[in-house]
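Visitor: Once you have looked at the hints, place chains B and C on chain A.
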Amino acid sequence: CLAAMPLAHAQSNVTVYGKLDAGVRKAVGSSVKEVATSGDSRLGFRGVEDLGGGLKAFFGMEHRFFPDTGTQDGAQFWKGYSHVGLQGDFGRVGVGRQYTAAFSLVQNQIDPFGGDTVAQLRDGVMRVGGITKVRIDGSLRYDISFGGVSLAASVAEGDKNGGVERATSVAASWRSGSFFVAGGIEDPAGARDTMTSLGVGYTLAGHKLTAGYSSGKTNAGLKAKGWMLGLDLPIGAGIIKAAYGQAETNGRTVINKLGVGYHHSLSKRTMIYANAGHDSKAARAKTGYDLGILHNF
Amino acid sequence: CLAAMPLAHAQSNVTVYGKLDAGVRKAVGSSVKEVATSGDSRLGFRGVEDLGGGLKAFFGMEHRFFPDTGTQDGAQFWKGYSHVGLQGDFGRVGVGRQYTAAFSLVQNQIDPFGGDTVAQLRDGVMRVGGITKVRIDGSLRYDISFGGVSLAASVAEGDKNGGVERATSVAASWRSGSFFVAGGIEDPAGARDTMTSLGVGYTLAGHKLTAGYSSGKTNAGLKAKGWMLGLDLPIGAGIIKAAYGQAETNGRTVINKLGVGYHHSLSKRTMIYANAGHDSKAARAKTGYDLGILHNF
Amino acid sequence: CLAAMPLAHAQSNVTVYGKLDAGVRKAVGSSVKEVATSGDSRLGFRGVEDLGGGLKAFFGMEHRFFPDTGTQDGAQFWKGYSHVGLQGDFGRVGVGRQYTAAFSLVQNQIDPFGGDTVAQLRDGVMRVGGITKVRIDGSLRYDISFGGVSLAASVAEGDKNGGVERATSVAASWRSGSFFVAGGIEDPAGARDTMTSLGVGYTLAGHKLTAGYSSGKTNAGLKAKGWMLGLDLPIGAGIIKAAYGQAETNGRTVINKLGVGYHHSLSKRTMIYANAGHDSKAARAKTGYDLGILHNF
Chain A
22 CLAAMPLAHA
32 QSNVTVYGKL
42 DAGVRKAVGS
52 SVKEVATSGD
62 SRLGFRGVED
72 LGGGLKAFFG
82 MEHRFFPDTG
92 TQDGAQFWKG
102 YSHVGLQGDF
112 GRVGVGRQYT
122 AAFSLVQNQI
132 DPFGGDTVAQ
142 LRDGVMRVGG
152 ITKVRIDGSL
162 RYDISFGGVS
172 LAASVAEGDK
182 NGGVERATSV
192 AASWRSGSFF
202 VAGGIEDPAG
212 ARDTMTSLGV
222 GYTLAGHKLT
232 AGYSSGKTNA
242 GLKAKGWMLG
252 LDLPIGAGII
262 KAAYGQAETN
272 GRTVINKLGV
282 GYHHSLSKRT
292 MIYANAGHDS
302 KAARAKTGYD
312 LGILHNF
Chain B
22 CLAAMPLAHA
32 QSNVTVYGKL
42 DAGVRKAVGS
52 SVKEVATSGD
62 SRLGFRGVED
72 LGGGLKAFFG
82 MEHRFFPDTG
92 TQDGAQFWKG
102 YSHVGLQGDF
112 GRVGVGRQYT
122 AAFSLVQNQI
132 DPFGGDTVAQ
142 LRDGVMRVGG
152 ITKVRIDGSL
162 RYDISFGGVS
172 LAASVAEGDK
182 NGGVERATSV
192 AASWRSGSFF
202 VAGGIEDPAG
212 ARDTMTSLGV
222 GYTLAGHKLT
232 AGYSSGKTNA
242 GLKAKGWMLG
252 LDLPIGAGII
262 KAAYGQAETN
272 GRTVINKLGV
282 GYHHSLSKRT
292 MIYANAGHDS
302 KAARAKTGYD
312 LGILHNF
Chain C
22 CLAAMPLAHA
32 QSNVTVYGKL
42 DAGVRKAVGS
52 SVKEVATSGD
62 SRLGFRGVED
72 LGGGLKAFFG
82 MEHRFFPDTG
92 TQDGAQFWKG
102 YSHVGLQGDF
112 GRVGVGRQYT
122 AAFSLVQNQI
132 DPFGGDTVAQ
142 LRDGVMRVGG
152 ITKVRIDGSL
162 RYDISFGGVS
172 LAASVAEGDK
182 NGGVERATSV
192 AASWRSGSFF
202 VAGGIEDPAG
212 ARDTMTSLGV
222 GYTLAGHKLT
232 AGYSSGKTNA
242 GLKAKGWMLG
252 LDLPIGAGII
262 KAAYGQAETN
272 GRTVINKLGV
282 GYHHSLSKRT
292 MIYANAGHDS
302 KAARAKTGYD
312 LGILHNF
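Chains as they are written, first to last, in the working numbering: chain A, 22 to 318; chain B, 22 to 318; chain C, 22 to 318.
Note that these hints are calculated values from the structure, not bench results.
Every value quoted in this text rests on a predicted model; they were computed, and no experiment measured them.
One thing to keep in mind: the hints can contain errors.
The list treats identical chains as one, so a pair stands whether inside a single copy or across any two.
As the list claims (entries may be wrong) - With a Cα cut of at most 30 Å, we get these calculated BS3-like pairs of lysine-lysine: (1) Lys-54 - Lys-77; (2) Lys-246 - Lys-307; (3) Lys-244 - Lys-289; (4) Lys-289 - Lys-307; (5) Lys-302 - Lys-181; (6) Lys-289 - Lys-302; (7) Lys-47 - Lys-229; (8) Lys-229 - Lys-154; (9) Lys-54 - Lys-181; (10) Lys-289 - Lys-77; (11) Lys-47 - Lys-77; (12) Lys-54 - Lys-154; (13) Lys-154 - Lys-47; (14) Lys-289 - Lys-246; (15) Lys-181 - Lys-307; (16) Lys-154 - Lys-302; (17) Lys-47 - Lys-181; (18) Lys-77 - Lys-181; (19) Lys-77 - Lys-307; (20) Lys-47 - Lys-307; (21) Lys-244 - Lys-77; (22) Lys-54 - Lys-238.
Here chain A stands alone, though its shape is the one from the complex:
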């Protein structure tokens, strides 16, 4: 074991982690039955260095890919994020490609499916109208938490995010016992786009109820809004999940969707899942379903 020790030390600077999720799926709005990833398969590298005096350096980058074809997801190899920064009593400052403040504190906290699977409502409802981005390129982000309060603000270059002005996002959340409330305001990189997102949650012994609302304006000036309810219902080693929500653009309902699923844990890192989604506003093939396995490493 002596031989391994020096390298174990060398390796201690970086943690290799990831998720491999694959199964069979028929997406909502499509009649294609295929092998697909429902949970955004990824490979990441990250680390934290203690600099002393409460100061720490952190870094990380995360690759996303499609396990059915072995191809990378998107134009960027490090689609998930790539950032470096410092954290301490003053909070946490990161620079790079990063999640927006409102995405991580609000929009990604409401959907019981976390934006994954055919049952998810995050992208259609909490991020209604395609107004905001999950991540922004060329960004600075500040986070601080105290008591149950978390505050975050992100700002990014406009042109690297397909727009004409700095993309800004501010968000706050508050957890107190079983209650959770969060809100965020965003001004994406376009000249006219804006977004406000709100969410509340109540958790008791693993049972969880959530509600979310987002309202904004697209860069084309169209009003968009959405609302959703979410439910987590633990049953033995599994959890039943359900979500319902609607989204409208310019006064017209474009999404009216119910998502249900059962996620069965085989361990803390591995689960099998089955989900279904039905969107009565889908142009065709209104019902989708998936069945697969998800493994975190």
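Guide: Just chains B and C, lined up with the frame of chain A:
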């Protein structure tokens, strides 16, 4: 060492492995002398989680690249494979981009060069006519072994594999003492393509004799067949390898090739090699050779 | 910890390492203020295997990327290098995509900024005229060191490096106490291009003075030469860096640049930096600056 321990644990979920192979080469059929990889350089990430009760989750993905230029090999970053699944007493089920059943149980078991180097006969003979794929996208694969018997079946989406129907492959092998026999039948994603592959082997104290035969039909309706013999002859820390085989398409011999090589182990993980191949049916530059180093990590 | 041990062993074959550098920047010659990497963010995999008798196998490959957008830097995923080889008493022989001899022994040893940040003079002065490459594809490289002497030679295929003939580079350096002197001669892959680079250095208690000179001819037949001075001045946990140099092409001064910076170490692996560069020959926006954080892992 205390600081390293938690991360050593964190790292225990994933094994980083790979192979770096490079040297000089003149390929059969080409007059270009170049630096090249003869053994498919790669970087992979894989792991197995024990779920208890004999059940395990497994995952893995493998990148292929050209070390002479630093570029990825092929359109997919994870060209080698990318899959996730479960294994237990019932066998092993994987989903993703995966090897076909007949490739891993039959076609890849006969060539002493394992499909690598200028001396290899696997791709031209055992996979004659370019009928089958090494790997198939969007696939499910089932494997089970008992006694010396291994059975495998893979099925995949047609359109993700450039075809019009599901790509299927079934294979079986049997090992008993020094003997090995294997066979596979495939119906690739095209409308008319089929393939049957057979192989036998005899191993004694590291010496190995193999014979293989493949016969099929291309999607264009042409008949294709090939046969080959292989030899492994250990000498000290090295091994002499030889293979001879022929392939014909529509009754015309298109490959008549002899491959020889010497692979010298510097350790269990590192070897240097020299190989030569001569194909009397090559249009020009019938003889190729390579000389290089291969390191597994 | 028993469960982790076997995998710690498995992992001991490869070291995962890298650098994440990001900050804000306005480049010399540009008026764009942006989030950018000033120090070539990277992720690498490397290892050394002891083969006994003083012989070792080594391998490595290094990815470069832009952390502000998460995209890979350049056409090659493994832009940094990708090689494999053997080392022993006879020296070190590598094959793959590798640094040229003169780059690593001479051109990269003079600039206090190591080619990073807006203050750097390496690429414009020590590699004047864009005559040489940092790395060459399809290359063999030989290195040997004895006493304070290092010798290196690299040769590569011409067509893989955009040229018509083999790219060759030879270099030598000598360190004796505080003194350092190095020189290299190159004949890149083009028909007419040549390059000679010289450098000297003097180090005392962390203080360092360097001087460098390069002279060559572009493939178009234009003469190009450059000279530079560099200074490292340690102050507490930081270091003040300065460099000044000029470059001319065909008798016309094209670069007349001063670079200054302060690099403050937060640990052996992490630093924050601020740099400025002023090139009086820049067509516009002659002054650039950057401010960021660099973390090695």
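Visitor: Are any of the numbered hints broken by this structure? If so, which, sorted upward?
Guide: 3, 4, 6, 14, 19 and 21
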